[in-house]
Amino acid sequence: MNYRVVIGMEAHVQLKTASKMFCRCPVQFGAPPNTLVCPVCLGMPGSLPVPNRDAMIMALALAKAMGSKLAELTKFDRKNYYYPDLPKGYQISQYDRPLALGGGLEIVTKDGVKTIRLIRLHIEEDVGKNLHDDATGTSQVDFNRAGTPLVEVVSEPDIASAAEARAYLTGLRTLVQYLGISDGNMQEGNLRCEPNINLHIDTDNGVVKTPITEVKNVNSIRNVERAIHCEVERQLAQFKELGAAIQDLPRSTYGFDDTRDTTFEMRSKEEAHDYRYFPEPDIPPIHVSSPWREEAAAMVPELPWEKRERFVKEHGLKPYHSDALCRSRTTAEYYEHAVQAGAPAKAAANWLLDELLRHANEKRVGVEELGISPGRFAEFVKLVDAQTVARAAAAREVLPRMLESDASAANIVAELGLEQVDDSAQIREAAQKALEQNPKAAAEYREGKDKAIGSLMGFVMRETKGKANPKVVREVLRELIGQ
Amino acid sequence: MTALWQRTATEIAALVRSGEVTALEVADAHLERALAWNDHVNAFIHLEPEDIRTHAREIDRHIGLGHDPGPLAGVPVAIKDNICQMGAPTTCGSRMLETFTPPYDAHVVEQLRGAGALLFGKTNLDEFAMGSSTEHSAFGPSRNPYGLSRTPGGSSGGSAAAVAAGLVPLALGSDTGGSIRQPAAYCGIVGLKPTYGMVSRFGLVAFASSLDQIGPLARNVEDAELLLRVIAGHDARDATSSVRGATAVNKEPDTRMRDLRIGIPTEYFGEGLAAEVRAAVGAAQAILVNRGAKCEEVSLPLTKQGIPVYYVVAPSEASSNLARYDGVRYGLRGDAKDVRGMFEETRGDGFGAEVKRRILLGTFALSSGYYDAYYGQAQKVRAALRLELDKVFESVDVLLTPTTPSVAFKLGDKLDDPLAMYLNDVYAVTANLTGVTAISLPCGRSSDGLPIGLQLMAPRFEEARLLQVARAYEAASKQGHNWPTDPTGGDVA
Amino acid sequence: MAIDESEVRRIAALSRVRIADDECAALARDLDRVVEHIDLLREVQLPDDAESLTYFDVDVHRKDRAIGGLDREDALRNAPETDGTYFLVPKIVDRDEG
Ligand SMILES: [Mg+2]
Ligand SMILES: [Zn+2]
Chain A
930 MNYRVVIGME
940 AHVQLKTASK
950 MFCRCPVQFG
960 APPNTLVCPV
970 CLGMPGSLPV
980 PNRDAMIMAL
990 ALAKAMGSKL
1000 AELTKFDRKN
1010 YYYPDLPKGY
1020 QISQYDRPLA
1030 LGGGLEIVTK
1040 DGVKTIRLIR
1050 LHIEEDVGKN
1060 LHDDATGTSQ
1070 VDFNRAGTPL
1080 VEVVSEPDIA
1090 SAAEARAYLT
1100 GLRTLVQYLG
1110 ISDGNMQEGN
1120 LRCEPNINLH
1130 IDTDNGVVKT
1140 PITEVKNVNS
1150 IRNVERAIHC
1160 EVERQLAQFK
1170 ELGAAIQDLP
1180 RSTYGFDDTR
1190 DTTFEMRSKE
1200 EAHDYRYFPE
1210 PDIPPIHVSS
1220 PWREEAAAMV
1230 PELPWEKRER
1240 FVKEHGLKPY
1250 HSDALCRSRT
1260 TAEYYEHAVQ
1270 AGAPAKAAAN
1280 WLLDELLRHA
1290 NEKRVGVEEL
1300 GISPGRFAEF
1310 VKLVDAQTVA
1320 RAAAAREVLP
1330 RMLESDASAA
1340 NIVAELGLEQ
1350 VDDSAQIREA
1360 AQKALEQNPK
1370 AAAEYREGKD
1380 KAIGSLMGFV
1390 MRETKGKANP
1400 KVVREVLREL
1410 IGQ
Chain B
734 MTALWQRTAT
744 EIAALVRSGE
754 VTALEVADAH
764 LERALAWNDH
774 VNAFIHLEPE
784 DIRTHAREID
794 RHIGLGHDPG
804 PLAGVPVAIK
814 DNICQMGAPT
824 TCGSRMLETF
834 TPPYDAHVVE
844 QLRGAGALLF
854 GKTNLDEFAM
864 GSSTEHSAFG
874 PSRNPYGLSR
884 TPGGSSGGSA
894 AAVAAGLVPL
904 ALGSDTGGSI
914 RQPAAYCGIV
924 GLKPTYGMVS
934 RFGLVAFASS
944 LDQIGPLARN
954 VEDAELLLRV
964 IAGHDARDAT
974 SSVRGATAVN
984 KEPDTRMRDL
994 RIGIPTEYFG
1004 EGLAAEVRAA
1014 VGAAQAILVN
1024 RGAKCEEVSL
1034 PLTKQGIPVY
1044 YVVAPSEASS
1054 NLARYDGVRY
1064 GLRGDAKDVR
1074 GMFEETRGDG
1084 FGAEVKRRIL
1094 LGTFALSSGY
1104 YDAYYGQAQK
1114 VRAALRLELD
1124 KVFESVDVLL
1134 TPTTPSVAFK
1144 LGDKLDDPLA
1154 MYLNDVYAVT
1164 ANLTGVTAIS
1174 LPCGRSSDGL
1184 PIGLQLMAPR
1194 FEEARLLQVA
1204 RAYEAASKQG
1214 HNWPTDPTGG
1224 DVA
Chain C
45 MAIDESEVRR
55 IAALSRVRIA
65 DDECAALARD
75 LDRVVEHIDL
85 LREVQLPDDA
95 ESLTYFDVDV
105 HRKDRAIGGL
115 DREDALRNAP
125 ETDGTYFLVP
135 KIVDRDEG
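Residue numbers (the numbering used here), protein chains in the order written: chain A, 930 to 1412; chain B, 734 to 1226; chain C, 45 to 142.
Heads up, some of the hints might be wrong.
[To be verified] Among the chain C residues that face chain B by a calculated CB cut under 8 Å, a handful are:
{"#": "1", "residue": "Met45"}
{"#": "2", "residue": "Glu49"}
{"#": "3", "residue": "Ser59"}
{"#": "4", "residue": "Asp66"}
{"#": "5", "residue": "Leu75"}
{"#": "6", "residue": "Val78"}
{"#": "7", "residue": "His81"}
{"#": "8", "residue": "Glu95"}
{"#": "9", "residue": "Thr98"}
{"#": "10", "residue": "Val102"}
{"#": "11", "residue": "Ile111"}
{"#": "12", "residue": "Arg116"}
{"#": "13", "residue": "Asp118"}
{"#": "14", "residue": "Ala123"}
{"#": "15", "residue": "Pro134"}
{"#": "16", "residue": "Ile136"}
In case anyone wonders, no lab produced these hints; they're calculated from the structure. Cβ atoms here follow ideal geometry from the backbone N, Cα and C, with glycine treated the same way.
Working from the sequences, and respecting the hints, build out all of it.
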């Protein structure tokens, strides 16, 4: 049976503003419950919403970066429903005049490059948080998060696999980090997504489309992939059981349980939700003025895919390396500052990706926060590139010390006496001795057994206490054996 | 010397500022009057004599220190109980908020404190300002000082009764579909609905966000203007509050009575208008004409659409604005053990019949399948109504109409016929739907001694012109405030 | 008959307002009469793209500056049920929009 997986993604990006979307309360993660609240975000009688200008500019910047069409006139609407974490009994959102329409996000998977189109972007406010205390049989509500600005990004159902979903979400996260408008961190909840999944199954009499399932409470990109796999299997099984009749079933909402690695149907609401959207009367329609558009445009930096291509062209990097470097804006900028400080482009890329990133991940910081300035790193790479110090020694000895102190690579190499010996006279002498003491190895090498040179190399390295430059040793030995 | 409780706010402020009279003396005079009368008229839901005296002593101490006490120094101002006053109960006339004490002041209350006003208590209203007679208040109806069996009007009935009976010289009300002007007409006083956006709604418990405006009730135009100047102006906490507010209220009027063109919309004088009201408004028109104004008949064909549009837009917004009363964060809570049960019980017990009617009507008008026919269509007709009125204002400066079709009706008369009660607002809703400013002035009395009110409407932000015409009529009609006969058996000075 | 008792029950459920049986009949009657009058709206013929939004000459937003809100004590003062830290409600079961 062949079929196509059809996924549309609803993502909510929590904006990194100073104040909430419709009131002046601070936006902070992890403050004591109900300490970042006011009459407005508590929905107290008589309170009124006033939109956060900079949150709207941030959303416009994201829309611009994704090539969406910015609205001339936009307005807020009320999404009416009842829930303990929803203080006003409605969420201020946008319905028929969102901030932006269309646009797309380019993703790269092993099958190549593809653009996931967007339907729309709009601004809305987050709800509070409920905690469930089974002991007392009550739920506790914290309204600190209520009113936090969100941008909802709704994609067309262009995503065709779990891998594409991963690429889309990683791309979105990188983009919002590039724009500096959000941390885009799913664990911390400032990037949340709900895949809408169904299957188009080929059957003898045409294509059967299974009902769309929206999967909620997925808190990592990894779990999005797992939820998609679960849903594909569940819907296939359901199709096998019901056949074409599956098409009469209504849309449904599922949750994802990552411990039992399965999706579970959430209480399907008796009446489909009637949110009774209507224009938010407390906030008049807003003309998206040209100063706003200019300010949004100015926020858009060189974008990840643009930087990736430039790194390949200008620094001669392999696409894979360029992609790795550009996955974070701060890493990419750190790399370029090192190159501008004279570090050889390719070597700097390798050292950064292999060594610096490893240290950074261990310390759970960005490379730029390791305490090694791009200049110092450039000096280190130049030193190794000029073979003043052996690669292995540089990685094992020099770099770790640079992390602990702000000494330059050169001083560390000198202090530890790690300078690689290039002085061929000293090497020639040692090579001479090696040949005399291992005539057999020399003979084998002449008869064409290249490996034989290994023991000779070892002898010379010991003789020079490991400081000799391996490349130079190899050349001298070949020269002497050849005569 | 006339009793302090009979003085105008302007006079009291001058007496207190000059030190001739202390704020405490003003407070005591009005408290004596209020405590005697309130049992009869039930104007106040919350009246705390000791708090008032403490506040009065503070004002006097402030003056003693030589500080400028402000334009409303020592003037008692009653506040409708859907306007938040920090530390005072703000019940909205509802069981739902009986225990609610806001931790913040409404913008207008901040302005009053800043102007040295004496906050004099919270007045009775129809629950959540939904009604035209205060009969929907959970704390019993207020009564008309000119006939205790009659309604003082609504929903700002308590404020109107308090001002008319001399319990306070000034009061704040709120007007969503005539809720300041109608009670002002029924109680023979001045009531002004400012242009939408002129006065901040921050701290006004929302009924219909796109229609609500806070405004003054007073015994003459000068006092109404004095209070308006204090509360008008831009507030960063209200996204619909206009920057034009302050300038509009301080602007010099631009038309002289001689060139004034008054429009008389025929649709406001059709059948359904009581003969005595028609006659009184006609007489007022004559007074203005002989002061030099020119009157001309105009037409507003969409006027009869006013009630249908209003009773879709207002209930729709109300159904959403009252969704926050769910028992979670404040107010009444039903004791069901599941969340949904708690919501339904809280709202079932907390809201009175009229509020439930309007919430259901609004939810119906917004619900899927009905939205386009009701809410969508109402918004379009509202926009058309606004265009129609703006067109008329290109040829006239103000409109003159009755404020209400009849004088104050008897309490209980319209309770079992909600539609009849709604139709009562026919002359008032246009101003709310189009956002223009409108004022009700006393213009005589019916044969059984009940006050009649006339309405003047002016274009948005033309309060200066509106007040100029109102002052001119008030002066020309030579009517002083007509004090109600004293139900307490005491004689009237 | 735009609104009958079953419609009243539907709308009451949507509005989360418990309606006693004896209230239902009266509500249906009153609401129906009002809706009948509201249907006057249908007489007005307007193009479907007729303007429906009201515009304002107001500056409708604020700079992204944060100022402290309420102390927790004030925030919770009116709470029907609280432990001093949270607003307490009956146990939420369905984990979805109520
Ligand atoms: Mg959303
Ligand atoms: Zn807040």
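Hints and how they fare:
no.: 1; hint: Met45; result: 13 Å, violated
no.: 2; hint: Glu49; result: 12 Å, violated
no.: 3; hint: Ser59; result: 5 Å, holds
no.: 4; hint: Asp66; result: 12 Å, violated
no.: 5; hint: Leu75; result: 6 Å, holds
no.: 6; hint: Val78; result: 5 Å, holds
no.: 7; hint: His81; result: 6 Å, holds
no.: 8; hint: Glu95; result: 5 Å, holds
no.: 9; hint: Thr98; result: 7 Å, holds
no.: 10; hint: Val102; result: 5 Å, holds
no.: 11; hint: Ile111; result: 11 Å, violated
no.: 12; hint: Arg116; result: 11 Å, violated
no.: 13; hint: Asp118; result: 4 Å, holds
no.: 14; hint: Ala123; result: 6 Å, holds
no.: 15; hint: Pro134; result: 5 Å, holds
no.: 16; hint: Ile136; result: 6 Å, holds
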